[in-house]
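Engineer: Sequence:
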Amino acid sequence: MSAYLWRGGGGRRRGWIRYLAAVAAGALALMLAAVWTSGPLATGIGAAVTTVYGLVADLLRPQREPQDSGELLRSRSGRIPRVLHVDRPELAGVHAAEPDQVTEGGGPPPYIERDVEPELRQAVTQARFVLVVGESTAGKTRLAYEVVRSCFPRHAFVRPMTRAALAEAFRVARRRRRAVLWLDDLEDYLGAQGLTVAALATLLDARPGRVVVLATMRSEEHRRYDAREESRLTGSDRDAWRMQREVLSMAAVIRLARRWSDAECRRAEPFRHDPRIRQALNGRERFGIAEIIAAGPELLASWQNAWAPGANPRGAAVVAAAVDCRRAGLRCPVTREWLRDLHPPYLDGRGGGDLQPEDFDDAMRWACQAAYATSGLLIGNYSQGYLAFDYLLNAPDLAPVPDHLWDALLDLVAPTDAYDLGLVAHQEARLTRAVTALERARGAGIPGAAFSLAIAVGDAGQPRRAAGELRALAQERAAALGPAHPDTLAARHQLAFFTGESENLRTATTLFRELVEDTRRELGPEHPDTLAARHQLAYCTGEGGDADTAVRQLRALLDDRLRLLGAAHPQTIATRRSLIWFTGLRGETDRADREMRELLSDALRSLGPLDPHTLAIRSSLASFAALAGRADEALAGFDALAADRTTLLGVDHPHVLHTRLDQARALAMVGRPTEAAEALVRITADARRILEPGHRHLRVAEQLLGELGGR
Numbered sequence: 000m001s002a003y004l005w006r007g008g009g010g011r012r013r014g015w016i017r018y019l020a021a022v023a024a025g026a027l028a029l030m031l032a033a034v035w036t037s038g039p040l041a042t043g044i045g046a047a048v049t050t051v052y053g054l055v056a057d058l059l060r061p062q063r064e065p066q067d068s069g070e071l072l073r074s075r076s077g078r079i080p081r082v083l084h085v086d087r088p089e090l091a092g093v094h095a096a097e098p099d100q101v102t103e104g105g106g107p108p109p110y111i112e113r114d115v116e117p118e119l120r121q122a123v124t125q126a127r128f129v130l131v132v133g134e135s136t137a138g139k140t141r142l143a144y145e146v147v148r149s150c151f152p153r154h155a156f157v158r159p160m161t162r163a164a165l166a167e168a169f170r171v172a173r174r175r176r177r178a179v180l181w182l183d184d185l186e187d188y189l190g191a192q193g194l195t196v197a198a199l200a201t202l203l204d205a206r207p208g209r210v211v212v213l214a215t216m217r218s219e220e221h222r223r224y225d226a227r228e229e230s231r232l233t234g235s236d237r238d239a240w241r242m243q244r245e246v247l248s249m250a251a252v253i254r255l256a257r258r259w260s261d262a263e264c265r266r267a268e269p270f271r272h273d274p275r276i277r278q279a280l281n282g283r284e285r286f287g288i289a290e291i292i293a294a295g296p297e298l299l300a301s302w303q304n305a306w307a308p309g310a311n312p313r314g315a316a317v318v319a320a321a322v323d324c325r326r327a328g329l330r331c332p333v334t335r336e337w338l339r340d341l342h343p344p345y346l347d348g349r350g351g352g353d354l355q356p357e358d359f360d361d362a363m364r365w366a367c368q369a370a371y372a373t374s375g376l377l378i379g380n381y382s383q384g385y386l387a388f389d390y391l392l393n394a395p396d397l398a399p400v401p402d403h404l405w406d407a408l409l410d411l412v413a414p415t416d417a418y419d420l421g422l423v424a425h426q427e428a429r430l431t432r433a434v435t436a437l438e439r440a441r442g443a444g445i446p447g448a449a450f451s452l453a454i455a456v457g458d459a460g461q462p463r464r465a466a467g468e469l470r471a472l473a474q475e476r477a478a479a480l481g482p483a484h485p486d487t488l489a490a491r492h493q494l495a496f497f498t499g500e501s502e503n504l505r506t507a508t509t510l511f512r513e514l515v516e517d518t519r520r521e522l523g524p525e526h527p528d529t530l531a532a533r534h535q536l537a538y539c540t541g542e543g544g545d546a547d548t549a550v551r552q553l554r555a556l557l558d559d560r561l562r563l564l565g566a567a568h569p570q571t572i573a574t575r576r577s578l579i580w581f582t583g584l585r586g587e588t589d590r591a592d593r594e595m596r597e598l599l600s601d602a603l604r605s606l607g608p609l610d611p612h613t614l615a616i617r618s619s620l621a622s623f624a625a626l627a628g629r630a631d632e633a634l635a636g637f638d639a640l641a642a643d644r645t646t647l648l649g650v651d652h653p654h655v656l657h658t659r660l661d662q663a664r665a666l667a668m669v670g671r672p673t674e675a676a677e678a679l680v681r682i683t684a685d686a687r688r689i690l691e692p693g694h695r696h697l698r699v700a701e702q703l704l705g706e707l708g709g710r
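FYI, in numbering that gives the first Met the number 0 the residues of the sequence shown are 0 to 710.
If you are wondering where the hints come from, they were derived from the structure by calculation, not from laboratory data. From a predicted model like this one, the values you see are computed outputs, not experimental measurements. We put the beta carbon where it would ideally sit given N, CA and C, even for glycine. Please note that a few of the clues may not be correct.
Quick list of simulated restraints, FRET-style, between CB atoms [said to hold, decoys possible]:
(1) 585 - 520: 29 to 37 Å
(2) 360 - 176: 45 to 53 Å
(3) 647 - 565: 25 to 33 Å
(4) 525 - 470: 26 to 34 Å
(5) 264 - 565: 33 to 41 Å
Can you build the whole structure from these sequences, using the hints too?
Structural biologist: Below you can see the structure in the form of structure tokens.
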């Protein structure tokens, strides 16, 4: 059994007992010397004893970290281990594998060298921050573990077990002569009070070459930080995304494929005597070898089959709750009590008592047991809490995280976790949830929460309130950081945006014009923020009635985006859409309609049918049809768009309300005024509930309803 455990405390107490015993022995020796001898002899004996017991006591003194040390991997005596002493891959986060029943004592399967291992070895000796990216159960953590053990056996192995322990992990790594900071599942260390560029730079620059940061990350999480994803985000989502992407940009990335190559399989052949390797090699046509060794496919099938009546339906519901906690953005383990409270709606949704569910204790035992003698569906224990096995997070056909889970979590989580949930809720278009979560985070003083909350409030249909809060934040940042600091510029951008959304287009145009000048000077003419400010300046100019100027500005911007980003980039497509829109508004309707249809084909090919930019293009096409008097075409377009946006965003999203308004207009155009009025009654009631008083969607709905003779 390994000597190293997570936060082992008993050995630490034993270390202090040995230390105090040494001190007591020395004190006793001094006392006896004073009683039985005198003069120079007593002085000499006392000095010798003092020296000896001082050395012994210093050797026996436990190497304690400060009492707020957080949750780091430690030995039984409380020490930070060296890499060579981390003698089980599970201690580094490797998924447990089925024990080898042939070999006495079991143990992990033999390590098979991966094709990228030489590349990783070179990276960890040359770069200071290395990130191994691969799908769940691709073998990325085992690869990193084996490489770091061979390259840095004498380094301290500093592994924070939670994001809250990062600060202590940095302090420990800085104090050690040589250290590896181990961040398995790097996504768990991003977000509020998580890893930052400044903290990493301070750690790595303070003692160059003495600290290596080695991390792993699932491909699905890493893909969220692809440059193409930025255009899908707005406001707080985009700013949080950028900060986290800057952290990732510091790393040398090594990519590990899930499927093993022929060369890797040949290297595994000599180990066919191990039944786990043999089974994996036999099933490699369908799954990756590490995937089979970790029993990912079997565990997923076990969860899916457990819903059958009389099987383990309550256990399946518990696992579903744990999976959705992670999908909702919760990084920390959940307690047994939380799972007891969170799982019943999942069970009820599948049939409740008709499924003959087992009791909760049996459900937890089933979910945690090492199914197929490997990792369980839930990983953890009663004291540490539980996490869903990450292989389950990408199961096919998972339904969206249900509202009951969001509501329950927001009542349970700490403010730091509420910040994470709020950002994910915003990205998932659950705006009410985002506002609630971010209000909790702001109330607790979580950095960045006030800014994120203001954007979520504006996106949820209260742009005037958002503009007021952002005005104050921009002033605070300007005073603290300077008017040209990137954080100040970000606040000014959002202030200008929501000023325009509040229909104060003249002021918004002025704000964006000033912002373009400042971002161009401070960040450069090709910086994404400069390009984004130019786009919004053109949009506000056109919406303010000057379509000719907007078209000129957008043509120049499109040239730059084509050169910098290419034709298929989402931001390039967004600029093309705005350019075509204002071209149509200034009278070139036939040309605009033709070019918008071409753009839709390009967007479908590059982005897909349900991308926000694709949906915006479809809205523009339906609007062009309405402007040209093609009422039936317009109604069909808005009908389909309303259905898709409602599915994606929910009925309460302001974009959905806007589409429903367009749909009601089209109903009136095709000679169905009664249906239009009935729709507007519902829209008006929803708008009054969701939007702030005087919002333009609410005002238009009330005006249209009055024209149709409604109330």
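Engineer: Note whether the CB distance of residue 525 and residue 470 lies within 26 to 34 Å or breaks it.
Structural biologist: 29 Å, holds
Engineer: Does the hinted range 29 to 37 Å hold for residue 585 and residue 520 at CB?
Structural biologist: Roughly 31 Å apart at Cβ, these two residues keep to the hinted range, so it holds.
Engineer: Okay, residue 647 versus residue 565 on CB: inside 25 to 33 Å?
Structural biologist: For residue 565 against residue 647, whose Cβ atoms are near 26 Å apart, the range 25 to 33 Å holds.
Engineer: Is 45 to 53 Å right for how far apart the beta carbons of residue 360 and residue 176 are?
Structural biologist: 48 Å, holds
Engineer: Could you tell me whether the CB distance from residue 264 to residue 565 stays inside 33 to 41 Å?
Structural biologist: 38 Å, holds
Of the numbered hints stated above, none is contradicted by the structure.
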